[in-house]
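Trainee: Sequence:
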Amino acid sequence: MPYDTIDDLPESVRSNLPEGAQEIYKEAFNNAWEQYKDPEKRRGDASREETAHRVAWAAVKKEYEKDESSGKWKKKQAA
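Under this note's numbering, read the sequence shown as residues 54 to 132, first letter to last.
Keep in mind that the hints were calculated from the coordinates and are not lab data. Fair warning: there could be bad hints in the mix.
[As the list claims (entries may be wrong)] When the alpha-carbon atoms are kept at most 30 Å apart in a straight line, the in silico DSSO-like pairs for lysine-lysine are as follows: (1) Lys90 to Lys114; (2) Lys119 to Lys129; (3) Lys115 to Lys94; (4) Lys115 to Lys128; (5) Lys127 to Lys114; (6) Lys127 to Lys115; (7) Lys115 to Lys90; (8) Lys94 to Lys114; (9) Lys125 to Lys114; (10) Lys129 to Lys114; (11) Lys125 to Lys115; (12) Lys129 to Lys115; (13) Lys128 to Lys114.
Go ahead and model the full structure; you've got the sequences and the hints to work with.
Mentor: Dropping the structure here:
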């Protein structure tokens with residue numbers, strides 16, 4: 054199910070990602086939820102929800118990375 058606000062995100066997302074990354078996650082999840090409603094558009098036998106979560110994490114990882122020393126997610130530095 055799509056998320057209306059970042060407060061609706063799963064606890065595992067809210068407790069690990071900074072607010073900006075949570076916004077990216079929410080938007081990517083909601084877009085993927087719509088985009089992959091047809092099972093034929095998904096890979097293998099993945100559920101709609103599983104696919105949307107995978108897309109959301111991939112979107113976050115484009116702009117954020119997990120700091121190896123602290124284990125906290127941070128915005129990537131510009132190259």
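Trainee: Taking the numbered hints from earlier one at a time, note which ones the structure violates and give those numbers from smallest to largest.
Mentor: As far as the earlier hints go, not one is violated by this structure.
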